[in-house]
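Student: So the chains spell out like this:
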Amino acid sequence: MGETRRMGQLRRPTSDDIFVIQSGIFASAIIVVLVLTGYVLVSGSVPVWSKFGRGFLTGTTWSPVKEVFGALPYILGTIVTSLIAIAIGVPLSIGVAIFLSEMAPHAIRAAGSGVLGGLIRTMLRILSSGIELLAAVPSVIYGLWGLFVFRFWVLDYVETPLSKYLGSVPVFSGTPFGLDILTAGLILAIMIIPTVSAISREVMTAVPLAQREAAYSIGATRWEVIRISVLGYARSGIFGAAILGLGRAVGETMAVTMVIGNAIGAQAIPSSLFRPGQTMSSLIANEFNEADPTSLHPAALIGVGLVLFMFAITINVLAQLLVWRVLKIKSGSVE
Amino acid sequence: MQRRPGISRTIFIIALVVVAAVSGVTGYLVNGFLHPPAAGETLNGAGATFPYPFLSAVANNYSRIHPNIQVNYQAIGSGAGIKALGAKTVDFAASDAPLSAAQIAALPAAALHIPETIGAVVVAYNLSGILTGLNLNSTTIARIFQGNITMWNDPRIQALNPSLTLPAQQILVVHRSDGSGTTFVFSGYLNTAATGVWVLGQATSIAWPVGIGAFGNQGVAGPLLGTHYTIGYVELAYALTNSAMTYGFVRNHDNTTFVKPSLANVTYAAQNATAAPVTLPEGNQSWASVNLLNAKGLESYPIVSFTYLLVYRELSIVPGMTLDKAKALVDFLWFVVHNGQAQASPLAYVPLPAGTVAIDERSVESITFNGQTLPT
Chain G
126 MGETRRMGQL
136 RRPTSDDIFV
146 IQSGIFASAI
156 IVVLVLTGYV
166 LVSGSVPVWS
176 KFGRGFLTGT
186 TWSPVKEVFG
196 ALPYILGTIV
206 TSLIAIAIGV
216 PLSIGVAIFL
226 SEMAPHAIRA
236 AGSGVLGGLI
246 RTMLRILSSG
256 IELLAAVPSV
266 IYGLWGLFVF
276 RFWVLDYVET
286 PLSKYLGSVP
296 VFSGTPFGLD
306 ILTAGLILAI
316 MIIPTVSAIS
326 REVMTAVPLA
336 QREAAYSIGA
346 TRWEVIRISV
356 LGYARSGIFG
366 AAILGLGRAV
376 GETMAVTMVI
386 GNAIGAQAIP
396 SSLFRPGQTM
406 SSLIANEFNE
416 ADPTSLHPAA
426 LIGVGLVLFM
436 FAITINVLAQ
446 LLVWRVLKIK
456 SGSVE
Chain C
2 MQRRPGISRT
12 IFIIALVVVA
22 AVSGVTGYLV
32 NGFLHPPAAG
42 ETLNGAGATF
52 PYPFLSAVAN
62 NYSRIHPNIQ
72 VNYQAIGSGA
82 GIKALGAKTV
92 DFAASDAPLS
102 AAQIAALPAA
112 ALHIPETIGA
122 VVVAYNLSGI
132 LTGLNLNSTT
142 IARIFQGNIT
152 MWNDPRIQAL
162 NPSLTLPAQQ
172 ILVVHRSDGS
182 GTTFVFSGYL
192 NTAATGVWVL
202 GQATSIAWPV
212 GIGAFGNQGV
222 AGPLLGTHYT
232 IGYVELAYAL
242 TNSAMTYGFV
252 RNHDNTTFVK
262 PSLANVTYAA
272 QNATAAPVTL
282 PEGNQSWASV
292 NLLNAKGLES
302 YPIVSFTYLL
312 VYRELSIVPG
322 MTLDKAKALV
332 DFLWFVVHNG
342 QAQASPLAYV
352 PLPAGTVAID
362 ERSVESITFN
372 GQTLPT
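Going line by line, the protein sequences match chains G and C.
Numbering (my numbering) for the first sequence: 126 to 460.
Numbering (my numbering) for the second sequence: 2 to 377.
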């Protein structure tokens, strides 16, 4: 730190060195955990891959009685619920982020110094941190709320009308019950809003002021400034935020298990939004406890876990690369 | 910044020592406060969720009488419990299903089956205007849960209930989504009694062709209570303790009447299922073929099952087992089989018949530590 080391010169390790080594060990422990997790998942699922091969990924039968396992319905269930979450959650989150990064600071400044101004300022600050507080709500609470409250709203105000007027469209077919793919997707949308909006806000705040000033100087309206200089500049960062949200949606377990209806086998293929489905994580949560350790059942569930692990890692690496790209702009380096 | 490694290292070490000392003292105090020191033993068990309320009540009472012995039971599921027993990380396990031949072979040593209590499964429904007492038989239940009967006013349900006006509504099946002993018992009944109709086999997880899967008894009870035209299955205790829940009477084995699920009728069924000419195996034999399903007798409720404790016959195989701990374990098992039975009924579990208690006594007495029998 600030010292130049001359070639060939040895020196006593300082406390800084020890600290660096210590932190290095702690940091690399994370990689070790990741590698070990991968190893356990692969070695635990070997019997399933050797028996079913690629058929494990394309099969639709899931029968612990007959020991036949195919994970396709749950892979599809994970993809469909996560996409619903992204489709609904990301636009909302971007709106929240625009408000918090572009509108709220102006409003706080413009609020004036009176009692009313102070009140507005406080409310805006509470709003700003409230969004992040959503992320602190445990997912099982979302699940309980989903099961006892939210599903009836979805059933009465979304699914029943849709089913009545658009019931002939395949994705809206079937009798809605409120415990299905759509409810799971909507709960996930709510759950990813804090993650996506918090990161989007950071990325938007990172857009250099000069960008905005340039747009204002040629007579752009506020919306044009946001659209061209903020959203345009922060594009890849927002995309990264969306993918991090996707990562959360893909791995979410308890809330989904409580509202998705937990169908099994070919029944779980998400052919309609109003049908009960199953995701990879909900399947594992459902069946792992009682899976007979002498059968193929645990290996099949670990195999599903491996697929999920791969999904999550790919998504997060992708997101991290995109977010880094934006933050590099902020720190001044040329893109 | 000016660096003074000597001082910062000293501060660092002092800080470490202080942190270590403070946390050590705090830990000691907290630990001492929560667990007063006693020259005691902790017995660890794991397994089925179904007997958890019973086992934890019994364990609690046991520790009150023997304050130096703590029983720690974790309801992690039968499968996980059997696995933990095999890995020798617990002193005993609990399972709703008896061990299969493959499971017995996978254990490192011979284990004893000790039936601890009896449970039953109830077919519950939500039909506006129809109270408890819809008549059902095994083939009708099988057809409903397989999706062969889809309407409540199906002639096959109507034929069993001539006096009721059944609604022309779709049946909504609610089943357990989590692997469970309840599903094992329920599918076992249909497998035994509805032969030729039920094709889904017997297991803790079933490949259900219809319906909504819900997590746990509570998860099934939620949609059942909240939505009309649903049908599902829950443990007896849930039906008996939840006054809002309506449930069906099931045709008995003799085909003479429809039996109400009640503690008395389950007790009667268990007595009939274990009475002569049936001979139950000894604890060290296989129980794989034992079931209490579809017992003979007028008032025998047909969907009934044992739930088992599993323990090694020679305890020295468990790491950390001492003579004192082995004595404590045997004493606890004896307590469950005797005094524990009195606590079953208030919790809506059914006490063991006398003949089964006698088998359990012999099993507990046969447990050894390093070849030495233990006082019970």
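It is worth saying that the hints were derived from the structure and are not from the lab.
It is possible that part of the hints are untrue.
Unchecked claim - Away from chain G, derived, C-beta distances all over 10 Å, residues of chain C:
| # | residue |
| --- | --- |
| 1 | 201 |
| 2 | 210 |
| 3 | 213 |
Unchecked claim - Label pairs and their calculated CB-CB ranges:
| # | chain 1 | residue 1 | chain 2 | residue 2 | range |
| --- | --- | --- | --- | --- | --- |
| 4 | C | 219 | G | 171 | 54 to 64 Å |
| 5 | G | 217 | C | 105 | 29 to 39 Å |
| 6 | G | 162 | C | 41 | 30 to 40 Å |
| 7 | C | 320 | G | 216 | 37 to 47 Å |
| 8 | G | 252 | C | 343 | 57 to 67 Å |
Yeah, the Cβ is synthetic: ideal placement off N, Cα and C, and Gly gets one too.
Student: Checking against the hints above, which ones are violated?
Tutor: Numbers 1, 2, 3, 4, 5 and 7, in rising order.
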